[in-house]
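*Asks:* The chain contents come next:
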Amino acid sequence: MTENYPALLVVVPLLSAFAIYGCSWLHRKSCLPLALLGLAIPFFISIRLLKTVFINGHVSYHLGGWAPPWGIAYEIDPLNALVLLAVSTVAFINLIATSGQIERIFPDRKGAFYALYLLFIVGLLGIVVTGDLFNLYVLLEIASITGYSLIGMGNPDRAPLASLNYVFMGTIGACFYLLGVGYIYIMTGSLNMVDVKGLLPPLYHTSAIIVAFIFCLVGIMIKMGFFPLHFWLPNAYTYAPSPAASLIAPLMTKVMAYVMIRLIISVFSPSFAFSSIQISRGVVWLACIAIIVGAVMALSQRDVRRMLTYIIVSEMGYIVGGAWIGNATAMSGAVLHIINDVLMTFCVFLSLGAIARSTKGYQIENFSGLFKKIPVTMATFVVSGLSIIGIPPTCGFFSKWYLILGAIEGGHYGFIVVLLLSSLINIILFFRIFEEAFFVYPKTNAVHTEGEASIAIAETPFVTLIPLVLTAILLIFTGIYSGSLIALIIKPVVSAGLL
Amino acid sequence: MEFLFTHLVAKYNFWLYIVLMMIGLYAMIAKNNLIKKLVGMNIFQTAIILFYVSVGSKKGGTIPIIEHGAGHTPHGIDPAHYVNPLPHVLMLTAIVVSVSTFGVALALAIKIYQRYKTLEEDEILTRIRES
Amino acid sequence: MKKLALLIVILSGGLLLYATKDFPPWGDPHSPASMHVSPRYLMKSLEETGVPNVVTSILADYRGYDTMFETTVIFCAGIACFMLLRKFEAQSKDVYYRHIPTGITIHVKGGKQIPPTSKEFEKIDAIWTPYDLIINTVSRFLVPFIQLFALYVIAHGHHSPGGGFQGGVILGASIIVVAIAFNLRTAIKRFGEKIDGIMSALGVFIYSGIGAICVLLGAEFLNYGTLARILPVSKIMARSHGILGVEIGVGIAVMAVMVCIYNNVASEGKHDEGL
Amino acid sequence: MIWQLDLAILTLVIVCAIAAITVKDLLATAILFGAYSFMMCLLWSIMAAVDVAFTEASVGAGVSTVFFVAAVFRTTRRTKD
Chain P
172 MTENYPALLV VVPLLSAFAI YGCSWLHRKS CLPLALLGLA IPFFISIRLL KTVFINGHVS
232 YHLGGWAPPW GIAYEIDPLN ALVLLAVSTV AFINLIATSG QIERIFPDRK GAFYALYLLF
292 IVGLLGIVVT GDLFNLYVLL EIASITGYSL IGMGNPDRAP LASLNYVFMG TIGACFYLLG
352 VGYIYIMTGS LNMVDVKGLL PPLYHTSAII VAFIFCLVGI MIKMGFFPLH FWLPNAYTYA
412 PSPAASLIAP LMTKVMAYVM IRLIISVFSP SFAFSSIQIS RGVVWLACIA IIVGAVMALS
472 QRDVRRMLTY IIVSEMGYIV GGAWIGNATA MSGAVLHIIN DVLMTFCVFL SLGAIARSTK
532 GYQIENFSGL FKKIPVTMAT FVVSGLSIIG IPPTCGFFSK WYLILGAIEG GHYGFIVVLL
592 LSSLINIILF FRIFEEAFFV YPKTNAVHTE GEASIAIAET PFVTLIPLVL TAILLIFTGI
652 YSGSLIALII KPVVSAGLL
Chain C
10 MEFLFTHLVA KYNFWLYIVL MMIGLYAMIA KNNLIKKLVG MNIFQTAIIL FYVSVGSKKG
70 GTIPIIEHGA GHTPHGIDPA HYVNPLPHVL MLTAIVVSVS TFGVALALAI KIYQRYKTLE
130 EDEILTRIRE S
Chain F
353 MKKLALLIVI LSGGLLLYAT KDFPPWGDPH SPASMHVSPR YLMKSLEETG VPNVVTSILA
413 DYRGYDTMFE TTVIFCAGIA CFMLLRKFEA QSKDVYYRHI PTGITIHVKG GKQIPPTSKE
473 FEKIDAIWTP YDLIINTVSR FLVPFIQLFA LYVIAHGHHS PGGGFQGGVI LGASIIVVAI
533 AFNLRTAIKR FGEKIDGIMS ALGVFIYSGI GAICVLLGAE FLNYGTLARI LPVSKIMARS
593 HGILGVEIGV GIAVMAVMVC IYNNVASEGK HDEGL
Chain G
420 MIWQLDLAIL TLVIVCAIAA ITVKDLLATA ILFGAYSFMM CLLWSIMAAV DVAFTEASVG
480 AGVSTVFFVA AVFRTTRRTK D
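Taken in order, these protein sequences are the chains called P, C, F and G. Count along the first sequence from 1, then add 171; that gives the number in the working numbering. Count along the second sequence from 1, then add 9; that gives the number in the working numbering. Count along the third sequence from 1, then add 352; that gives the number in the working numbering. Count along the fourth sequence from 1, then add 419; that gives the number in the working numbering.
Some hints could be false.
Calculated cross-link-like contacts (lysine to any residue; reagent style SDA-like; alpha-carbon spacing at most 25 Å) [as the list claims (entries may be wrong)]:
hint : chain 1 : residue 1 : chain 2 : residue 2
1    : G       : K443      : C       : Y125
2    : G       : K499      : F       : R492
3    : C       : K20       : G       : I437
4    : F       : K471      : F       : K439
5    : C       : K20       : G       : V488
6    : F       : K396      : P       : S231
7    : F       : K354      : P       : S231
8    : F       : K541      : G       : R496
Derived list of chain F stretches under chain G, where covered just means 3 residues or more per stretch with a C-beta under 8 Å from a C-beta of chain G [what the hints assert, rightly or not]:
hint : region
9    : 451-462
10   : 517-529
I should point out that these hints are in silico values taken from the structure, not numbers from a laboratory. Note that beta-carbon positions come from the ideal geometry of N, C-alpha and C, so glycine has one too.
Only chain P is shown next, with the shape it has when bound in the complex:
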């Protein structure tokens, strides 16, 4: 069974999604346990896989028993396994934390919701693990279609339009990627990543391959909400229902960023991406603009959730910039930032979802006096906020540190300035909220009058609170161990890829 883990990782949640939807018509109570089971197994499998690849270095799995260029293969290296672990952890914890909310918001269609939830995770896990360019497209579409419908279930006034815009942009992105793959296919005749990498070097100078690379890149950048192509992102994530927002916002964009890094390292070689075509400096400058625009736009928002979506835009700038500086340190920083950003965005969205129980809306004014009412939930919010700002020992600091080191090494000082500047803006952003929550007391005398009012805004229930605290601890934990994470897992793979 152990050798089948790469397939089971994706297939177990897939099978359980089908079982859940079937069960939703027969026996509704079994939906949630099935969903939990369907996410717990991939979580344990991804831990085991990380262990296996850490020892063996690389796992290749041939689906259907057909050898790679003809069949589809899964390729797992330590980098993949790390991202897999992050994805499956977030999915599992989020389901535990938000199951109560899901049952409350969608009582009559929770089976469908859980099925879509699991299929979204299937898509993301498959994207990370697959070694076939076309298979990646199909999985991308699974993740996107489930994402569209999960987002479309949100705020009935705005969510459908936001989601439809996401459909249009997402489809353009996926089609551009597909066009790029078509250009690769017509020039090489293969779809397997390893095989394509071997066939490409004599074709590097051809315009078809350069255009293929640009189209794949643009398609993926649309999907990850990179700066000039980010218009769909803030609305889609702001109006999504909160269990879906805390799932999609951390995962989708980061997994796409990982796909970009994977395309650079293991399909087109870094020497092609960074030196053959002269776009790397341009992309880094674009990333700088993305960081600044994201931060400034975040500053102008009064709605906390909308502010966070702009922070995501700015974080994508960090990752893309780090990846395109083009040396091993910056690339390791970018990969570490993907992992960290998954965790911190997840923590901040999850705690925001928990806070929203006690407030009327997501406006900053609603946060007044929250520290008194829900101290633990606010503490997790503070931890994730500090991590996004980048204050040690939270994990955000360490990835920014590696990014800065890499930028110095690559001589890209503009990126450093922008990075520090956006950290300063993040400080303003978050301390604005902390101040409101800590020092300002609500003008209404809700706390002091009756006992009833204080019950209504009591601390988050344990089923949400424990996962939340766990995530916050994980943020610090990852921060402390990020040195060994870089040295043992990320750096060896990245350096081997960059050579």
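We have chain P already, so just place chains C, F and G on it with the hints.
*Replies:* Chains C, F and G in isolation, oriented as in the chain P frame:
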């Protein structure tokens, strides 16, 4: 001129798919009506499918169903007699994906219409701004 | 906006056009796309899987994993439409009935209904279309033949164009024909929502279940050859049978999903009045 | 494979595509889009992609058009562009 003509005959299929793709992309970005945008999206997707199918075609190739006798040489089956089947497989998947996206997008469009009673994007945006 | 769109379109079109100069000529049998991977499928498909239609053998076997996710995509679309549109509570207050012997229509207001026991009245759509004998009879005659053809397409996918997906769509279309020619309520009475939901899940479950059986038998996921251990056939025929099983799963799922999307889109999720 | 036929159908495809996005009635768009899909299907059967053509005939020209008409019926035929 001679050069242009040989290029034209050799590649007009690829060029026309690009024209179709441009029509679709233009409709997706510039049109105001949501359903029109959807049609543009579908045209875009079918243009890409056309491109892939063009990649797979071979002059003098027949449909990729191996019949007893046809295309057999003493050494087995000669692949040059049959068109390349791999792009067809990929495009079956792409067609399915496009119809799925179409279904979901129609559902979203109906939901928008239920709320705003219009499908014009600018009218919806003014309604949102007013409220 | 229009100028920006034109700019983007011309830019991307120009890039794509520029790249075609390195393409091999159209229809060239010696282009890399036709030389590298695909010859093996054409040469070996018949002896390795026993399926003459190479497209089917690649679809369901060599790249069967893609096809499993393709079916999953369509399943996603089905539940997405259900999730986004379905309204369980909303029943329209005004109901229209037709008195069958006389053909007189009655408009009942205020949520009241004529008890379904009375056989003389039938519920009709708000936008009443005349009861058309020709359309009804022809579609009633046509449906079994459409379904028979669909089953042929699914079962004969090994030897001729077609397969689970096309057959499933045609099967779904046969039910949609009933919904259009009569009305949505008749179609739902024949093929209920619950059955529909379960069948859509069952179809994809059959596909991935066959793959999972291969894992349980000790081979890779979707390696149908290993089914020979439980089926009384050779390894090659086991692959062929595995492909058939998978196609049947795809057919069931696609049929159910097509009906589900149609029902929800045509009635805005209320499942009372269709097209 | 007759290239004249191929070119003629390609032209028709493009005409259908332009008509579908310019006509000012969504029901007409639906029907033109069905015609577009059918032309596409012909094109693919010329190129010997029978399975793709079959799928497009059943999905693009068949079920998709039905969905489209159903959606137009549930929303509106009106369009400004």
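*Asks:* Now tell me if each hint is right for this structure.
*Replies:* Against the structure, the hints come out as follows:
About 20 Å separates the Cα atoms of K443 (chain G) and Y125 (chain C), which keeps this hinted pair within 25 Å; it holds. Restraint check: the Cα-Cα separation between K499 (chain G) and R492 (chain F) comes to about 40 Å, which exceeds 25 Å; the hinted pair is violated. A hinted pair counts as satisfied when its Cα atoms are at most 25 Å apart, and K20 (chain C) with I437 (chain G) qualifies at roughly 22 Å. A distance of roughly 28 Å separates the Cα atoms of K471 (chain F) and K439 (chain F); the hinted pair therefore is violated under the 25 Å criterion.
Distance check on the hinted pair: K20 (chain C) and V488 (chain G) sit about 36 Å apart at the alpha-carbon level, beyond 25 Å; violated. Annotation: proposed proximity of K396 (chain F) to S231 (chain P) holds, straight-line Cα distance about 24 Å (limit 25 Å). A distance of roughly 48 Å separates the Cα atoms of K354 (chain F) and S231 (chain P); the hinted pair therefore is violated under the 25 Å criterion. At most 25 Å may separate the alpha-carbon atoms for a hinted pair to count; K541 (chain F) and R496 (chain G) exceed this at roughly 30 Å.
Coverage of the region 451-462 of chain F by chain G is violated. Counting CB-CB distances below 8 Å, 0 residues qualify, and the rule asks for three or more. Judged by the Cβ-Cβ criterion of 8 Å, the region 517-529 of chain F is covered by chain G as claimed, because 7 of its residues qualify and three suffice.
This entry does not satisfy hints 2, 4, 5, 7, 8, 9, going by the numbered hints stated previously.
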